[in-house]
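2 protein chains.
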Amino acid sequence: MDIQNGQADVPSGARERILQTAHDLFYRDGVRATGVDRVIAESGVAKVTFYRHFPSKNDLVRAYLAYRHARWMAWFIDALARHGGGPDAIVPAVEEWFRDARYRGCAFINSVGELGGVLPDVIEIARSHKQDMTAAVAAVLPRSRQRAKNAQAVALAIDGAIVRAQFDASPDAALSALERIIQSLLKV
Amino acid sequence: MDIQNGQADVPSGARERILQTAHDLFYRDGVRATGVDRVIAESGVAKVTFYRHFPSKNDLVRAYLAYRHARWMAWFIDALARHGGGPDAIVPAVEEWFRDARYRGCAFINSVGELGGVLPDVIEIARSHKQDMTAAVAAVLPRSRQRAKNAQAVALAIDGAIVRAQFDASPDAALSALERIIQSLLKV
DNA sequence: TTCAATATAGACAGATCTGTCTACATTACG
DNA sequence: CGTAATGTAGACAGATCTGTCTATATTGAA
Numbered sequence: 060m061d062i063q064n065g066q067a068d069v070p071s072g073a074r075e076r077i078l079q080t081a082h083d084l085f086y087r088d089g090v091r092a093t094g095v096d097r098v099i100a101e102s103g104v105a106k107v108t109f110y111r112h113f114p115s116k117n118d119l120v121r122a123y124l125a126y127r128h129a130r131w132m133a134w135f136i137d138a139l140a141r142h143g144g145g146p147d148a149i150v151p152a153v154e155e156w157f158r159d160a161r162y163r164g165c166a167f168i169n170s171v172g173e174l175g176g177v178l179p180d181v182i183e184i185a186r187s188h189k190q191d192m193t194a195a196v197a198a199v200l201p202r203s204r205q206r207a208k209n210a211q212a213v214a215l216a217i218d219g220a221i222v223r224a225q226f227d228a229s230p231d232a233a234l235s236a237l238e239r240i241i242q243s244l245l246k247v
Numbered sequence: 060m061d062i063q064n065g066q067a068d069v070p071s072g073a074r075e076r077i078l079q080t081a082h083d084l085f086y087r088d089g090v091r092a093t094g095v096d097r098v099i100a101e102s103g104v105a106k107v108t109f110y111r112h113f114p115s116k117n118d119l120v121r122a123y124l125a126y127r128h129a130r131w132m133a134w135f136i137d138a139l140a141r142h143g144g145g146p147d148a149i150v151p152a153v154e155e156w157f158r159d160a161r162y163r164g165c166a167f168i169n170s171v172g173e174l175g176g177v178l179p180d181v182i183e184i185a186r187s188h189k190q191d192m193t194a195a196v197a198a199v200l201p202r203s204r205q206r207a208k209n210a211q212a213v214a215l216a217i218d219g220a221i222v223r224a225q226f227d228a229s230p231d232a233a234l235s236a237l238e239r240i241i242q243s244l245l246k247v
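Respectively, the protein sequence lines represent chains A and B. Remember, this note's numbering sits 59 above the position in the first sequence when you count from 1. Remember, this note's numbering sits 59 above the position in the second sequence when you count from 1.
Mixed in with the good hints there might be a few duds.
With a Cα cut of at most 20 Å, we get these calculated SDA-like pairs of lysine to any residue [stated by the list, open to error]: (1) B/Lys208 with A/Ala228; (2) B/Lys208 with A/Asp227; (3) B/Lys246 with B/Val199; (4) B/Lys246 with A/Arg206; (5) A/Lys208 with B/Glu238; (6) B/Lys208 with A/Lys208; (7) B/Lys246 with B/Gly143; (8) A/Lys246 with A/Val199; (9) B/Lys246 with A/Val104; (10) A/Lys116 with B/Val199.
Simulated restraints, written as ranges between beta carbons of each label pair [unchecked claim]: (11) B/Asp159 with A/Arg158: 53 to 63 Å; (12) A/Asp191 with B/Ala73: 42 to 52 Å; (13) A/Glu101 with B/Pro114: 40 to 50 Å; (14) B/Ala73 with A/Arg204: 57 to 67 Å; (15) A/Ala148 with B/Arg97: 39 to 49 Å; (16) A/Arg111 with B/Asp118: 39 to 49 Å.
Note that these hints are calculated values from the structure, not bench results. In this text, all values refer to a predicted model and were calculated from it rather than measured experimentally. Backbone N, C-alpha and C define an ideal beta-carbon position, used for all residues, glycine too.
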């Protein structure tokens, strides 16, 4: 499960270090709860370096979400493939994520909830992320005339499971409800 | 649709005025994006009055969520009844909400995303809210041995629809995906 | 070696934040 | 009427925030 800390190897430069640190802190505590000084201190860069790479905090937020999207999508596609690449792969794939100790829901849902009222870019970025997620779901569903509609419904149910798993002490209820929805949609 | 502005009549006192103002601002812009001075100015109270009723901002946040819960649940139960009180009431009920111009998703999902990493009370409050919402959903489902499980799955799908409706320019896709899930779960 | 690009540490400025407090006014109840 | 409770306006303090800047060091390429 390597969404959280990116590559196993050492980040290659200041920009990458900033991005990774911001990613970890923003996801864990929230964007507004994390000041730029903290990102700077924990990534070991100077303030001038920070602002050279990210002219404002909002720029960093946008970059954070792009970074998160790239990593999360790579993980999701890989996890679906590892679990067999069919509809039955969906629940075990998200289960890996939900059981991660650092799990705190979806960075896009969280960011829209936190910032959507004041930084509308975030909504557009999240929408695009969800479209790509839905496309990845469609790719593991059986071909049929309903495939696109089923993918929309399954992706929506995954979002519901993400939220419920974030609230509950254990992800079990969310996982079994998601399983139930997928089974009934695909009539398996 | 009266979640947003509470009663039609004038709030009865300073505390109510503060709560209603905080509700509107927190929901629209986010909690951390809204300073206490703004709540104070817009509710027309003095600072001492504000802090007498809410000893800290975190107390206000907790009160905001309790206030939101009471009003949202009252609306939800009423909307389900107005649309016939059966499973077919679910989609038209949430549609009323999604099409409200002030719609910005679920206050509980947003608050957990924003504050869940730093104010854990919020998660507990949100969990309780979702339990009550699930119970209201169960009450409109047909009696059967699957009712509790179906209610969990439907409630989870509603959360997914809430998120998608928040991201998309129109709630149409979320509403039809939700309809599809409910129909397939209940085999209608 | 030279020079441009990139890095370091951290001081600084102004804005915004949460919470404390003074002085005075109004309301409600016995 | 007197008093307690509740209200008003807003100054104040200290912390935290985002972003600008100086002085110096390091790195990489020609």
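Next on the checklist: Between the beta carbons of alanine 73 of chain B and arginine 204 of chain A, is the distance compatible with 57 to 67 Å?
Outcome noted: holds, 60 Å
Checklist entry - Do alanine 148 of chain A and arginine 97 of chain B keep their Cβ atoms within the hinted range of 39 to 49 Å? => result Taking Cβ atoms as reference, alanine 148 of chain A and arginine 97 of chain B lie about 47 Å apart, which means the hint holds.
Next on the checklist: So if I understand the rule, the pair passes when the alpha-carbon distance is 20 Å or less; does lysine 246 of chain B with valine 104 of chain A pass?
Outcome noted: Between lysine 246 of chain B and valine 104 of chain A the Cα gap is close to 58 Å, so the pair fails against 20 Å, i.e. violated.
Checklist entry - Okay, aspartate 191 of chain A versus alanine 73 of chain B on CB: inside 42 to 52 Å? => result holds, 48 Å
Next on the checklist: Would the hint linking lysine 116 of chain A and valine 199 of chain B be met if the CA-CA limit is 20 Å?
Outcome noted: Given that 20 Å is the threshold and the Cα spacing comes to 46 Å, the pair is violated.
Checklist entry - Can the restraint linking lysine 246 of chain A and valine 199 of chain A be considered satisfied, given a maximum Cα separation of 20 Å? => result Holds, at about 15 Å.
Next on the checklist: Tell me if the straight-line CA distance from lysine 208 of chain B to lysine 208 of chain A falls inside 20 Å.
Outcome noted: violated, 23 Å
Checklist entry - Given the hinted pair lysine 208 of chain B and alanine 228 of chain A, is their alpha-carbon gap at most 20 Å? => result Holds. Lysine 208 of chain B to alanine 228 of chain A sits at ~18 Å (cutoff 20 Å).
Checklist entry - Is the hinted pair lysine 246 of chain B and arginine 206 of chain A satisfied, with a Cα-Cα distance of at most 20 Å? => result holds, 19 Å
Checklist entry - Regarding the pair lysine 246 of chain B and valine 199 of chain B, is the alpha-carbon distance no greater than 20 Å? => result holds, 15 Å
Checklist entry - Under the criterion that the straight-line Cα-Cα distance not exceed 20 Å, is the pair lysine 208 of chain A, glutamate 238 of chain B satisfied? => result At roughly 11 Å apart (the allowed maximum being 20 Å), glutamate 238 of chain B and lysine 208 of chain A satisfy the hint.
Item to check | Outcome for the supplied range 39 to 49 Å, where the beta carbon pair is arginine 111 of chain A and aspartate 118 of chain B | outcome: holds, 41 Å
When each numbered hint is compared with the structure, violations occur for hints 6, 9, 10, 11, 13.
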